[in-house]
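2 protein chains.
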Amino acid sequence: MKCRKCGGAAALELRRHNAAFCSPHFLEFFRKQVAEAVHRHHMFTRDEQIMVAVSGGKDSLALWDVLIEDGYQTAGLYLDLGIFDYSKESKAKCQAFAASRGQTLHIERVAEAVGAPIPVVQQATRRPTCSACGLSKRYLMNRAALQHGYPVVATGHNLDDEAATLFGSVMHWQTDALPRQSPALASTHPKLVRRVKPLYRLSELETAAFAFLRGIDYIVEECPFAKGATSIAHKQVLDRLEEASPGSKHNFLFGFLEKARPAFEKIEHVELLECTSCGQVTTGAICAFCKLADLVKRRTTG
Amino acid sequence: MKCRKCGGAAALELRRHNAAFCSPHFLEFFRKQVAEAVHRHHMFTRDEQIMVAVSGGKDSLALWDVLIEDGYQTAGLYLDLGIFDYSKESKAKCQAFAASRGQTLHIERVAEAVGAPIPVVQQATRRPTCSACGLSKRYLMNRAALQHGYPVVATGHNLDDEAATLFGSVMHWQTDALPRQSPALASTHPKLVRRVKPLYRLSELETAAFAFLRGIDYIVEECPFAKGATSIAHKQVLDRLEEASPGSKHNFLFGFLEKARPAFEKIEHVELLECTSCGQVTTGAICAFCKLADLVKRRTTG
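Protein chains in written order, with the numbering used here: chain L, 195 to 496; chain G, 195 to 496.
Note that these hints are calculated values from the structure, not bench results. Where hints are given, some of them may not hold.
The list makes no distinction among identical chains, and a pair is therefore deemed to hold if it is satisfied within one copy or across any two copies.
What the hints assert, rightly or not - Okay, derived cross-link-like pairs now, EDC-like style, lysine to aspartate or glutamate, Cα gap no bigger than 20 Å in a straight line:
1) K196 with E398
2) K485 with E230
3) K287 with D274
4) K421 with E437
5) K453 with D370
6) K385 with E302
7) K331 with E207
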């Protein structure tokens with residue numbers, strides 16, 4: 195296999211693009227895909243301060259690396275979920291990355307905000323762990339960005355993540371979730387910062403290759419609670435379809451964004467209010483995060 | 195396991211309904227599901243003549259059996275695809291079934307209409323066999339119903355078929371196909387008869403059990419061209435999801451029909467014309483069937 199750009203020995207084959215690249219040209223390809231995502235969805239400008247939500251994994255650190263190298267003004271946000279050694283190690287990776295690049299890293303402890311670390315939250319809610327954890331992360335990302343004055347939060351969601359989430363929403367036809375699935379969510383309320391996913395055009399394999407080639411030290415282990423998660427089962431389904439027909443994931447996600455999402459946007463109208471307890475944006479009187487924190491408080495002090 | 199209705203020994207467990215039935219109560223359950231489908235989608239009345247498209251397989255013969263037993267006025271339509279012994283055997287099953295019930299069976303030869311049997315059509319078109327075959331079947335069903343004066347064609351598509359078709363349309367976001375996916379398609383033009391799928395609430399396993407318990411002699415072999423078809427790969431994906439979470443297929447299909455289909459109906463507007471060659475309904479000047487027949491003629495006589 196030869197590099198599509200220079201004809202040299204290829205380091206990586208990208209079947210869905212029917213292309214192969216040597217290491218330097220793969221890095222160039224990767225950065226161009228991020229630039230294309232930022233440009234196409236007007237994610238942010240060079241004048242803005244971007245908060246990059248980092249987990250210590252390959253995706254979010256690769257994203258931060260690209261944005262720093264490209265000259266964007268960034269800071270990291272690490273959400274400490276309190277998941278035993280997994281959280282300790284992932285925090286250390288983020289701190290080391292930030293220090294090596296001379297970047298600010300904000301740290302928020304979920305235990306402080308919700309009242310208990312995620313493993314205790316899980317036991318208190320008796321619901322799938324990822325549900326309460328995802329809710330807490332989205333809430334704290336937005337709150338931290340508002341507090342520190344960042345107009346936009348960038349997350350490391352890649353093509354595989356986005357396709358798997360879409361797959362889950364589609365299997366249940368969650369018509370409230372479908373219009374929110376987008377590489378860029380605008381601020382629809384003064385207390386909601388923009389949320390963007392500059393890696394949505396790049397697969398998990400590609401972010402792993404980028405992180406490896408860039409020598410990024412990231413946490414390889416998955417979250418211990420992810421085992422058996424529906425999203426992983428959905429990723430496996432999509433992997434099989436991708437294997438049989440390269441480009442399946444891409445077509446599924448991009449086809450949705452281009453052709454189907456507008457149809458769902460039209461049927462979904464929600465009024466945004468401010469939570470009477472914390473003041474953050476919600477569609478009810480009390481936001482889901484405050485309800486979760488209240489439940490955790492009652493069940494852990496009972 | 196005990197029958198949900200009578201407490202006797204159950205013959206069949208239906209996990210997605212969290213129920214089990216003895217043989218007589220399963221047959222009753224099956225017929226009620228068909229009646230519910232007919233009622234809910236106003237498929238046809240007892241005053242109408244229904245053309246039942248039969249392939250000789252379990253689904254379409256089970257459907258015909260239910261409709262006859264329920265006192266509907268029916269006749270069969272067998273489309274002879276000219277697929278070697280498979281077609282010979284399946285035609286014989288349909289003829290025997292019709293004769294044993296004293297019913298009329300109309301037979302249309304695809305070779306006569308398209309100019310060649312399906313195996314030759316496949317070679318001529320160099321496209322997936324199922325594509326030209328499906329097109330021909332839909333065309334000939336409608337034409338035969340019009341010619342013989344039936345206002346409605348009923349097909350044996352079951353829940354698994356419908357879920358797999360929907361899955362394929364969704365993976366590619368075929369926004370033209372999505373609004374047409376329905377248990378009942380109205381006549382939107384004087385030359386289009388209604389098309390209905392009274393088995394859409396019943397799984398493949400359930401139609402097989404019904405056919406077995408009713409002693410229906412059907413062709414067990416799949417069409418020899420179906421091997422490797424995308425629809426089969428999609429059925430396998432759905433089978434795995436169903437295995438992990440009973441009811442997945444049902445929720446996927448029914449959720450679409452209830453929540454998502456209306457969104458797609460709105461964005462799709464097509465003008466129906468009459469084919470300048472054959473007079474049947476089309477969206478262009480020449481219908482897809484006439485184009486196919488023309489292609490077959492040119493490639494087989496060249």
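Quick rundown of the hints versus the structure:
In this assembly of identical chains, K196 and E398 lie within 20 Å of each other by CA distance neither inside one copy nor across copies; the values are 22 Å within and 48 Å between. In this assembly of identical chains, the alpha carbons of K485 and E230 never lie at most 20 Å apart, being 39 Å within a copy and 41 Å across copies at closest. In this assembly of identical chains, K287 and D274 lie within 20 Å of each other by CA distance solely inside one copy; the values are 12 Å within and 66 Å between copies. In this assembly of identical chains, K421 and E437 lie within 20 Å of each other by CA distance solely across copies; the values are 18 Å between and 22 Å within a copy.
Taking the closest pair of Cα atoms, K453 and D370 come within 20 Å of each other both inside a single copy (17 Å) and across two copies (10 Å). In this assembly of identical chains, the alpha carbons of K385 and E302 lie at most 20 Å apart only when taken from the same copy (18 Å versus 66 Å across copies). Proximity of K331 and E207 under a CA criterion of 20 Å is satisfied in neither setting, with 34 Å inside one chain copy and 42 Å between copies.
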